[in-house]
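**Q** Sequence:
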Amino acid sequence: MSKLKMRLIPIAAGSILLLMLAYTYKDVASQLLDPQNLRTLAQDNIHLLKLVMLLVMIVQNMFTIIPLILVISINISLFGLGYGYVWSVITSILAAFITFYIVRLWLHEKVTRYLKQSSWMDKMDRNGYWFVFMGRLIPFVPTSLVNIASGAGMIKVRKFIAATAIGNALYFLALSLIAQGLISAAIQQGLYAVFIAAVLGYASFKLWKYYRPKNRNPEPAFKSFENKHSGE
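Using UniProt numbering, read the sequence shown as starting at 1 and increasing by one per residue.
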């Protein structure tokens with residue numbers, strides 16, 4: 001059995017076990033994630049509450065079995081709008097980095113060896129920031145998918161953290177305002193429509209730029225013709 005398979009066995013087993021536990025005790029988990037129950041269990045210990053929400057965010061970033069807006073709503077309910085938003089962003093960056101690091105530790109060597117002769121390595125290095133940034137802003141892209149793909153790919157750590165921080169700060173702000181009812185459904189749909197149009201426009205431009213025919217420069221031929229007749 002290859003080293004890669006040996007490394008993947010604990011991850012796969014742990015993931016399956018966690019998903020089974022989450023499904024079995026989903027009612028218990030929903031009760032534990034109730035802000036009032038959390039306060040009671042933690043006896044209003046602010047540091048313990050912050051630690052619990054950090055662990056919840058780590059689970060969300062690894063497996064995306066908890067809706068992101070639910071995690072943000074709980075933080076806002078526990079800590080208020082301002083601090084709840086800030087703590088959501090901070091914990092999301094930490095959780096994303098932890099997932100990224102674990103995946104890179106287990107899979108990056110294999111992926112790098114497989115793609116070392118491929119142009120995908122250069123493309124991932126050049127466009128990795130935008131891949132992560134867009135993944136943070138598009139609502140239907142799972143958080144865990146962005147983290148795992150980035151960890152297994154070629155993006156540098158600093159680009160991953162920067163794109164995650166900026167993307168999550170923007171996206172979480174919108175989710176926080178939605179959770180507080182400060183953005184109506186119509187405005188929310190309008191913002192999504194504008195964002196999707198911008199993403200499609202950017203993607204179309206990149207595709208056009210990549211596949212457009214290469215224009216041949218007639219200047220050298222013109223110069224040779226000019227030089228020929230200037231010598232007569």
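Since the hints were made in silico from the structure, they are not lab data. Be a bit skeptical, because a hint or two may be false.
Stated by the list, open to error - Below, computed lysine to any residue pairings styled on SDA-like, alpha-carbon distance capped at 20 Å: (1) Lys159 / Ile148; (2) Lys50 / Phe97; (3) Lys156 / Trp130; (4) Lys156 / Val86; (5) Lys50 / Asn127; (6) Lys156 / Ile98; (7) Lys159 / Arg126; (8) Lys50 / Glu109; (9) Lys50 / Leu68.
As the list claims (entries may be wrong) - Distance ranges between label pairs, derived from CB positions: (10) Ala169 / Leu51: 17 to 25 Å; (11) Val86 / Phe140: 22 to 30 Å; (12) Phe140 / Leu173: 13 to 21 Å; (13) Val157 / Leu55: 32 to 40 Å; (14) Pro35 / Glu109: 36 to 44 Å; (15) Pro35 / Thr64: 18 to 26 Å; (16) Gln180 / Lys156: 30 to 38 Å; (17) Ser204 / Ala169: 36 to 44 Å; (18) Leu41 / Leu170: 29 to 37 Å; (19) Val157 / Leu81: 43 to 51 Å.
Note that beta-carbon positions come from the ideal geometry of N, C-alpha and C, so glycine has one too.
**Q** Each of the hints needs a verdict: does it hold here or not?
**A** Tested hints:
no.	hint	verdict
1	Lys159 / Ile148	holds, 15 Å
2	Lys50 / Phe97	holds, 18 Å
3	Lys156 / Trp130	holds, 12 Å
4	Lys156 / Val86	violated, 25 Å
5	Lys50 / Asn127	violated, 34 Å
6	Lys156 / Ile98	holds, 14 Å
7	Lys159 / Arg126	holds, 10 Å
8	Lys50 / Glu109	violated, 34 Å
9	Lys50 / Leu68	holds, 16 Å
10	Ala169 / Leu51: 17 to 25 Å	holds, 22 Å
11	Val86 / Phe140: 22 to 30 Å	holds, 25 Å
12	Phe140 / Leu173: 13 to 21 Å	holds, 19 Å
13	Val157 / Leu55: 32 to 40 Å	violated, 22 Å
14	Pro35 / Glu109: 36 to 44 Å	holds, 42 Å
15	Pro35 / Thr64: 18 to 26 Å	holds, 21 Å
16	Gln180 / Lys156: 30 to 38 Å	holds, 36 Å
17	Ser204 / Ala169: 36 to 44 Å	violated, 27 Å
18	Leu41 / Leu170: 29 to 37 Å	holds, 33 Å
19	Val157 / Leu81: 43 to 51 Å	violated, 31 Å
Hints 4, 5, 8, 13, 17, 19 from the earlier list are contradicted by this structure; the remaining hints agree with it.
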